[in-house]
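Colleague: Residue numbers (our numbering), protein chains in the order written: chain F, 1 to 192; chain A, 1001 to 1192.
Among the hints, erroneous ones may be present.
Stated by the list, open to error - With a straight-line Cα cutoff of 20 Å, these simulated SDA-like cross-link-like pairs (lysine to any residue) come out:
#1 K1049/A to L124/F
#2 K1011/A to G1144/A
#3 K158/F to P147/F
#4 K11/F to L31/F
#5 K1083/A to K1104/A
#6 K1002/A to Q1037/A
#7 K104/F to E187/F
#8 K90/F to Q1037/A
#9 K104/F to A137/F
#10 K49/F to T120/F
#11 K11/F to E163/F
#12 K83/F to K1191/A
#13 K1159/A to F1143/A
#14 K1159/A to S1105/A
#15 K1090/A to N76/F
#16 K1083/A to T72/F
#17 K1049/A to N96/F
#18 K1011/A to S1189/A
#19 K83/F to I1036/A
#20 K83/F to A73/F
#21 K2/F to E163/F
#22 K11/F to K83/F
#23 K1083/A to Q37/F
#24 K83/F to K1083/A
#25 K1049/A to T1072/A
#26 K1083/A to R75/F
#27 K1104/A to G93/F
#28 K49/F to D1032/A
#29 K83/F to A1088/A
#30 K90/F to D1032/A
#31 K1083/A to I36/F
#32 K1012/A to E1127/A
#33 K104/F to N76/F
#34 K90/F to K1012/A
#35 K1090/A to K158/F
#36 K1104/A to N96/F
#37 K1104/A to D57/F
To be clear, the hints were calculated from the coordinates, so they are not data collected in a lab. Predicted model only: the values in this text are computed from it and were never measured.
Listed below are the residues making up each chain.
There are 2 protein chains.
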Amino acid sequence: MKVVFVTGNEKKWAEVKALLPEWIELQRMNLDLMEIQGSRSEIATFKCKQAASMIDDRNVAIITEDTSLGFTALRNLPGPYIKHFLDAIKHEGLNNLLVAYEDKSATAYCTVAYWNRMETDEPLVFEGSTAGSIVPARGPALFGWDPIFEPVESSVPKKTFAEMTMSEKNAISHRHRAFAQLATHFENSLKQ
Amino acid sequence: MKVVFVTGNEKKWAEVKALLPEWIELQRMNLDLMEIQGSRSEIATFKCKQAASMIDDRNVAIITEDTSLGFTALRNLPGPYIKHFLDAIKHEGLNNLLVAYEDKSATAYCTVAYWNRMETDEPLVFEGSTAGSIVPARGPALFGWDPIFEPVESSVPKKTFAEMTMSEKNAISHRHRAFAQLATHFENSLKQ
């Protein structure tokens, strides 16, 4: 079974490849996709359909992935627009958005859209989430907002995503939880 | 000359109709258009092209309009995403985003895309802007973020957009400035 994972990010590619069953013929493709405004699920679905429109072979299934970081005090914004905020105002600016609030809690979401056009009329959407809070940056600034997100489930002393080893992060991350659901979907469909 | 202005908003329709030359056969159309993420000009251009794809008659020119509100301290965000922020966190929440900063200045933008497919390969983009600052809400909450935007050019005592009469607002508003440019474009093209 041929499946394309659309990503330009080496780290995501390595992570996802390790998570999905070996019998999946996973290929990577870097497409320039547009992001729409809307709910996480609308954004993910649109992106996956757009990728599909660029891949003629209907026997190839498609995976796209979207990340969102919602601040509870801001009613789950910046949410899907977090990338633009991180680029513009950096870690300190993201912390500053919450200065007016005691509640620094936030939720990280990974929304995966999967479309096998031979199976379903619309992409399937799987979502994983991790609860945490926004803190002043700690740990190496190698990957997006990882230094300012401290998951609730992190051990004592508390660590941000950036302070965790890869395996510590993988055990609780929004991305792993979303792709674990996709892996389960693949296993179930194999049994049928 | 037939021109369609795509809007679902009665107020904008009345405003724009009054601003454009009478010899333009202006029609209103309410289309369900998608908004993309990106720069103001990318968002406006995409929206106009999308409207065009729904209007078969290439003799009909198309106008779409986008509004953005950029906070200087947030490097011009929420910007094109202001609508989502206003819906979610209201006037008070928008003020709270700036609690960490002394600089409460902001710029309102109206980005108009105009496409006569018989004339140009791509939509033309006209932008008007108004400088001001974000203040606690004053005046009737009838139109979006008008109560929390106090233009620099407002007379003393300072007024928010919501406290102004229609003609006071029109004299300095981002929307009027953008459509005035489009009106000039129409006049120039008539002379040729």
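Colleague: So, for every hint listed, does it hold in this structure?
Modeller: A quick look at each hint next to the structure:
1. Only pairs whose Cα atoms come within 20 Å are accepted, and K1049/A paired with L124/F is rejected, the gap being roughly 29 Å.
2. With a CA separation close to 12 Å, the supplied pair K1011/A and G1144/A stays within the 20 Å bound.
3. Taking the CA atoms of K158/F and P147/F, the gap is near 12 Å; set against the 20 Å cutoff, the hint holds.
4. Between K11/F and L31/F the alpha-carbon distance is near 16 Å, which keeps this suggested pair within the 20 Å criterion.
5. Pair hint K1083/A plus K1104/A holds up; C-alpha atoms about 19 Å apart against a cutoff of 20 Å.
6. The hinted pair formed by K1002/A and Q1037/A fails the criterion: a straight-line CA distance of about 30 Å is larger than 20 Å.
7. Taking the CA atoms of K104/F and E187/F, the gap is about 38 Å. The hint is violated against a cut of 20 Å.
8. Distance hint between K90/F and Q1037/A is fulfilled; the C-alpha atoms sit about 19 Å from each other, no more than 20 Å.
9. Restraint check for K104/F and A137/F: satisfied, since their Cα atoms lie roughly 14 Å apart, inside the 20 Å limit.
10. Restraint check for K49/F and T120/F: the C-alpha separation of about 12 Å stays at or below 20 Å, so the hint holds.
11. Our distance criterion of 20 Å between C-alpha atoms is met by K11/F and E163/F, whose separation comes to about 16 Å.
12. Restraint check: the Cα-Cα separation between K83/F and K1191/A comes to about 46 Å, which exceeds 20 Å; the hinted pair is violated.
13. A distance of roughly 15 Å separates the Cα atoms of K1159/A and F1143/A; the hinted pair therefore holds under the 20 Å criterion.
14. Taking the CA atoms of K1159/A and S1105/A, the gap is near 15 Å; set against the 20 Å cutoff, the hint holds.
15. In summary, the hint linking K1090/A to N76/F is supported, as the alpha carbons are separated by about 13 Å, within the 20 Å threshold.
16. Pair hint K1083/A plus T72/F holds up; C-alpha atoms about 18 Å apart against a cutoff of 20 Å.
17. With a CA separation close to 37 Å, the supplied pair K1049/A and N96/F exceeds the 20 Å bound.
18. Taking the CA atoms of K1011/A and S1189/A, the gap is about 27 Å. The hint is violated against a cut of 20 Å.
19. Between K83/F and I1036/A, the direct Cα distance comes to roughly 14 Å. Compliance with the 20 Å bound is thereby established for this hinted pair.
20. In summary, the hint linking K83/F to A73/F is supported, as the alpha carbons are separated by about 18 Å, within the 20 Å threshold.
21. Using a Cα cut-off of 20 Å, the hinted pair K2/F and E163/F is violated, with the two alpha carbons roughly 36 Å apart.
22. Simply put, K11/F and K83/F have alpha-carbon atoms about 17 Å apart, close enough for the 20 Å limit, and the pair holds.
23. Distance restraint check for K1083/A and Q37/F: the Cα-Cα separation of roughly 10 Å lies within the 20 Å cut-off, and the hinted pair is therefore satisfied.
24. For the given pair, K83/F sits about 17 Å from K1083/A by alpha-carbon distance, which is consistent with the 20 Å threshold.
25. Of the pairs offered as hints, the one joining K1049/A and T1072/A is violated, with about 30 Å between alpha carbons and a cut-off of 20 Å exceeded.
26. With a C-alpha separation of about 14 Å, the suggested pairing of K1083/A with R75/F holds against the 20 Å cut-off.
27. With a CA separation close to 14 Å, the supplied pair K1104/A and G93/F stays within the 20 Å bound.
28. About 19 Å separates the Cα atoms of K49/F and D1032/A, which keeps this hinted pair within 20 Å; it holds.
29. With a CA separation close to 19 Å, the supplied pair K83/F and A1088/A stays within the 20 Å bound.
30. Restraint check: the Cα-Cα separation between K90/F and D1032/A comes to about 34 Å, which exceeds 20 Å; the hinted pair is violated.
31. Taking the CA atoms of K1083/A and I36/F, the gap is about 14 Å. The hint holds against a cut of 20 Å.
32. About 16 Å separates the Cα atoms of K1012/A and E1127/A, which keeps this hinted pair within 20 Å; it holds.
33. Of the pairs offered as hints, the one joining K104/F and N76/F holds, with about 12 Å between alpha carbons and a cut-off of 20 Å not exceeded.
34. Distance hint between K90/F and K1012/A is unfulfilled; the C-alpha atoms sit about 36 Å from each other, more than 20 Å.
35. In summary, the hint linking K1090/A to K158/F is not supported, as the alpha carbons are separated by about 33 Å, beyond the 20 Å threshold.
36. Note on K1104/A and N96/F: the hinted pairing holds, with a Cα-Cα distance of about 14 Å set against a maximum of 20 Å.
37. Restraint check for K1104/A and D57/F: not satisfied, since their Cα atoms lie roughly 52 Å apart, outside the 20 Å limit.
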